[in-house]
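Number of protein chains: 4
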Amino acid sequence: MTDFKYSFIAGTLSQLGDRYLRTGYKERQYGICEIAKKMSEYNLVDGIELHYRGNETETEISELKEILEQNSLHVSCVNTWLYGQIKWSNGSFTSRDQKTNQEARKHTMDAIDYARKLNAECVGLWLGQDGHDYAFQADYSLQWKQMLEAMRFIADEASDIKIALEPKKCEPRNHLVLDTTYTALLMCLEADRNNLGLTLDLGHALYAGEAMGKSITLCDHYNRLFNIHINDNRRNWDDDMIFGSIHLMEHLEAVYLLKKLKYKDYVSVDIFPYRENQFEAVAESIQYFKVFNDIIDLIGMQKIAEIIASGNPIEFMKLLREHVFDKGK
Amino acid sequence: MTDFKYSFIAGTLSQLGDRYLRTGYKERQYGICEIAKKMSEYNLVDGIELHYRGNETETEISELKEILEQNSLHVSCVNTWLYGQIKWSNGSFTSRDQKTNQEARKHTMDAIDYARKLNAECVGLWLGQDGHDYAFQADYSLQWKQMLEAMRFIADEASDIKIALEPKKCEPRNHLVLDTTYTALLMCLEADRNNLGLTLDLGHALYAGEAMGKSITLCDHYNRLFNIHINDNRRNWDDDMIFGSIHLMEHLEAVYLLKKLKYKDYVSVDIFPYRENQFEAVAESIQYFKVFNDIIDLIGMQKIAEIIASGNPIEFMKLLREHVFDKGK
Amino acid sequence: MTDFKYSFIAGTLSQLGDRYLRTGYKERQYGICEIAKKMSEYNLVDGIELHYRGNETETEISELKEILEQNSLHVSCVNTWLYGQIKWSNGSFTSRDQKTNQEARKHTMDAIDYARKLNAECVGLWLGQDGHDYAFQADYSLQWKQMLEAMRFIADEASDIKIALEPKKCEPRNHLVLDTTYTALLMCLEADRNNLGLTLDLGHALYAGEAMGKSITLCDHYNRLFNIHINDNRRNWDDDMIFGSIHLMEHLEAVYLLKKLKYKDYVSVDIFPYRENQFEAVAESIQYFKVFNDIIDLIGMQKIAEIIASGNPIEFMKLLREHVFDKGK
Amino acid sequence: MTDFKYSFIAGTLSQLGDRYLRTGYKERQYGICEIAKKMSEYNLVDGIELHYRGNETETEISELKEILEQNSLHVSCVNTWLYGQIKWSNGSFTSRDQKTNQEARKHTMDAIDYARKLNAECVGLWLGQDGHDYAFQADYSLQWKQMLEAMRFIADEASDIKIALEPKKCEPRNHLVLDTTYTALLMCLEADRNNLGLTLDLGHALYAGEAMGKSITLCDHYNRLFNIHINDNRRNWDDDMIFGSIHLMEHLEAVYLLKKLKYKDYVSVDIFPYRENQFEAVAESIQYFKVFNDIIDLIGMQKIAEIIASGNPIEFMKLLREHVFDKGK
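Protein chains in written order, with the working numbering: chain U, 865 to 1193; chain V, 865 to 1193; chain B, 865 to 1193; chain H, 865 to 1193.
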């Protein structure tokens, strides 16, 4: 029985606000070192996924490295923060302002350095401000070319690091340049750099109307599956809920496919637990992923392959019921 | 441990087509008596939900009654067919043609007679052609008044029968008059007849963006919960899939609430198994409902009430994992 | 040719942030008096819609009154702020904490006093934190009863003021108690107070999958249409975009119906212009509403009534093309 | 002032049914020659888009050719019918049954011959049964490879014909292999055949959550834009409504982009006018496209390019209002 390497996005365990309550939902705001320590106590995580904000001091980095070593946490991925400041509000790499484009590249190269210092193998690019809101606002052709050129530049400059694009349909812009898994794969194929791939956020795939299982499969088909984010939602928005809190069957299938495709990188929890105990929420997400993993093993990879070959999904439902749910009796 | 009474819509086990394959997906088309017999063999159903088409002969009715008795099946509900013929294509009760309105009332009264003959206590009205497709097409005020008047007429004429309105957001019309549970409840409150209530199709609630649990609760709050339809979907359309094939938590909550509210009427499978073995698909839907029922008992009604009172949904996820999923280990 | 009274929500012209850029998208943050003055210069607005935060000093109120008088602005509505502070994060009137319930009532009564001081006839209740996020979290029955009781209390205490409930499907909670127009109407019917009605946000109706025209019609049918919010969206989220930036026909129909039903209250712009010039965005929203009003007059109320009676929506498209679009030739 | 070449899908003007009214909504069913003649009388169409069913006799083909010549109609595209018979119900090219795969290829090659006889330059492949409904039903990897191999085979066998894949998110299967524009482009890039491209159905793009303008732009970017289908919908389903009956701005932008990119192929109406006069509905769709074309010319290509370069969408709304809507005054 194989298990996965688990990680979690640390930043969203600190403070969370939204457009109606911008000052935040948490009474107490944890620092990144505290978060690493507290989350480690659950004995569930192997890694931590960080954001590079640009104001990290060497002292802070040293302290963080020490804490991570003490808790045996690898940095699974370093994300850029090309959306969290007003200067990016009309785009980073696809801003019409060339100075902003250059600044975005600079920030990314700095994030890559930060990743190197922390021995991370992956840098994540979720570009939430690169897109448009209204018709007659964006030059789609120009945006695509700007993005393509920037990705090639970054991939070439950091050939020792995996660059993981994280597509998302919308939010905060009403439409993002890299909206679906398939759009991001197109970008990768056209950019034609081996170290350029994807962070596949299962929730993003779900609410974009993708078939999660197919998205996983095609990322793997093109050797571009660098990172997995897990969470759950109600299929019309990126709710970033606890993994397993809404869906069952498609999540089980996703776990089956990651096992089948021998996915070796991290499974990282990406949730926004506004009103929940954030540590419990991350822990439960991983527990559900692990228990889904157990269920796949229990039913059996070979048996599932046979069911899929038969094309009769009722067989899986029956086996799941008999092996798992009927135990409840 | 209490269980529910189960039924199923018989008509959709016969033949199924869609706008692209109108001639139907089934090689062999079963008659209603065959369907009753075959479904009975699973020992899962207590009732059968029928459609009244208007061409049923006395001989056919007698034969059907005999078969139902032999198989101990009650008729849980008789549905009208006010959508399946070209004459209803611009509405039944809300058609602008008064002759059509009268014909719709006549058809409904005939369906009620048919229900009486079959000892059904409930007649279902799903009015899929009453609505509109485009802006500047419907007089919403007139439609509401026509519907209201018709409902009062029918409820008064058949005071011995429960009349169950089944709301649905859209399809086949782009928008239906009775689109949500709350719209149908408004109609019931304004009509002010005790025998006028709802068939709550859990899939309709789900894809209309309702909180299923709240829809159940408010139907009960107004004493209008006459019939439950179960199925599953991907939340953007009435996919009529096998119950439990997509969602878990909200379905568990729905089962919990039906138990808590001591729902005594039928839980009826309403699916469109185009490419599946239709009998297996219905059986598995009921098996999932039953096993969800078991799970609620296993965790315990009192315990769940406490979790809800605490407002911490992670507790439920934990208990479900420990009581059910971990058994898979 | 009749026109409407126009207003706008002032608060969202000040600063706007979201979960990714909480510090805000605006370089310069305007005060409420500045906003009133700047917006008045467009000669488009008759009123202003305010939020009561609870920290307004008498001096500030006096200054605001003076500015409003100088600019001939009426206060069309005062909204409560029962979502913008951490204390409301698990609900206001439906919080499980009784102290919070009482505080919500107190805040609302204070908002009503503030409304009286500013001669507003309407107080708006959008209760964005009253709802739930997960299954097994909310007691839907209790929430409904708590809400009902609070609404009766407030309506009774402020019989000189119109209390306008503003339903919305979700956000910030994943599901709100008052989710649809029809749910809010149910609440009004059960509460049975004449001064309890609705703010109908056309965008909320649109993204909840309602037929806007029917929502307007049924609010009017029950004499509950107290306030209209206008904006636009892509039908899956409350994008709060400039009115008219996405949809045409249904908005034209909405304007037609408001004219037909002789709606006399305010049409108030409720948008979140994150990256746009906020004053221009409000002005253009009103300009589009006005020009849609002109178009309805141009085609003619009587003519439109005839088209609707005929049930042929192509006729309206033709007339619109001939009277308006062909002028472009 | 340039105009486009217009066409229409003839098949859906004959008879239309759905899962509830399979026998059809039309009292009178027109033959294909009648449809060609009647639609020609509007003087709006340059082409006709046909479906190849497989039972067309040489006599029928001759008669059709004659009618088309008499009415100066070119065949803009011939579509296969790999969804309308029970044998395709579990897929055509991606069926697990190899005989079915071969039959699908044979049907397509026959359709290509039919296209050659009718001097059509384009054959359309909309593969509505190739996909899946449930989790644990499809081997996504195998489906992709089967599709890829079939596309290469067909493209190679018919190097004189453009093969246009028409992606669609779902229906009749709950998920299709070629679900989005970007998925279909991936298939084209991997297949690497110049005569393999797309039919971009603007409604499919819209309800899949794509930005239509970006979809057009990227199809053009890869030289894969072979055919355009127009219609409208409410963004959650392929409603196939009259073009322009819901949306304005994004459609105007689509027309602008097709002009800018010098699109030379057909703009073809693809609607399902169940309850409308089907000829009027097609004519009005084209009239709206033409009038949107006029509006773009009126505002001016250069001016629009400047607005897009400025990134301020309010400017377009203002110009549209001043040039078009204010004429209504």
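None of these hints come from the bench; they were simulated from the model. Hints are supplied without guarantee of correctness; some may be wrong.
It does not matter which identical chain is used: a pair holds within one copy or between any two.
[As the list claims (entries may be wrong)] Computed list of lysine-lysine pairs in DSBU-like fashion (alpha-carbon distance at most 35 Å, straight line):
#1 K963 x K902
#2 K1009 x K963
#3 K902 x K1167
#4 K970 x K1123
#5 K1182 x K890
#6 K1124 x K1182
#7 K970 x K1182
How the hints compare with the structure:
1. In this homomeric assembly, K963 and K902 come within 35 Å of each other (Cα to Cα) only across copies, at 32 Å, whereas the closest approach inside a single copy is 40 Å.
2. Taking the shortest Cα distances, K1009 and K963 sit within 35 Å of each other inside one copy (17 Å), while across copies they are farther apart (44 Å).
3. Taking identical chains as interchangeable, the C-alpha atoms of K902 and K1167 lie at most 35 Å apart only when they sit on different chains, with a minimum of 28 Å there against 39 Å within one chain.
4. Taking the shortest alpha-carbon separations for K970 and K1123, neither the intra-copy value of 37 Å nor the inter-copy value of 37 Å comes in at or below 35 Å.
5. For the homomeric pair K1182 and K890, the shortest alpha-carbon distance between copies (23 Å) is at most 35 Å, but the shortest distance inside one copy (43 Å) is not.
6. Taking CA atoms no more than 35 Å apart as the test, K1124 paired with K1182 passes in both settings, with 21 Å inside one copy and 27 Å between copies.
7. In this assembly of identical chains, K970 and K1182 lie within 35 Å of each other by CA distance neither inside one copy nor across copies; the values are 54 Å within and 38 Å between.
In the structure shown, a violation is registered for the earlier hints numbered 4, 7, in ascending order.
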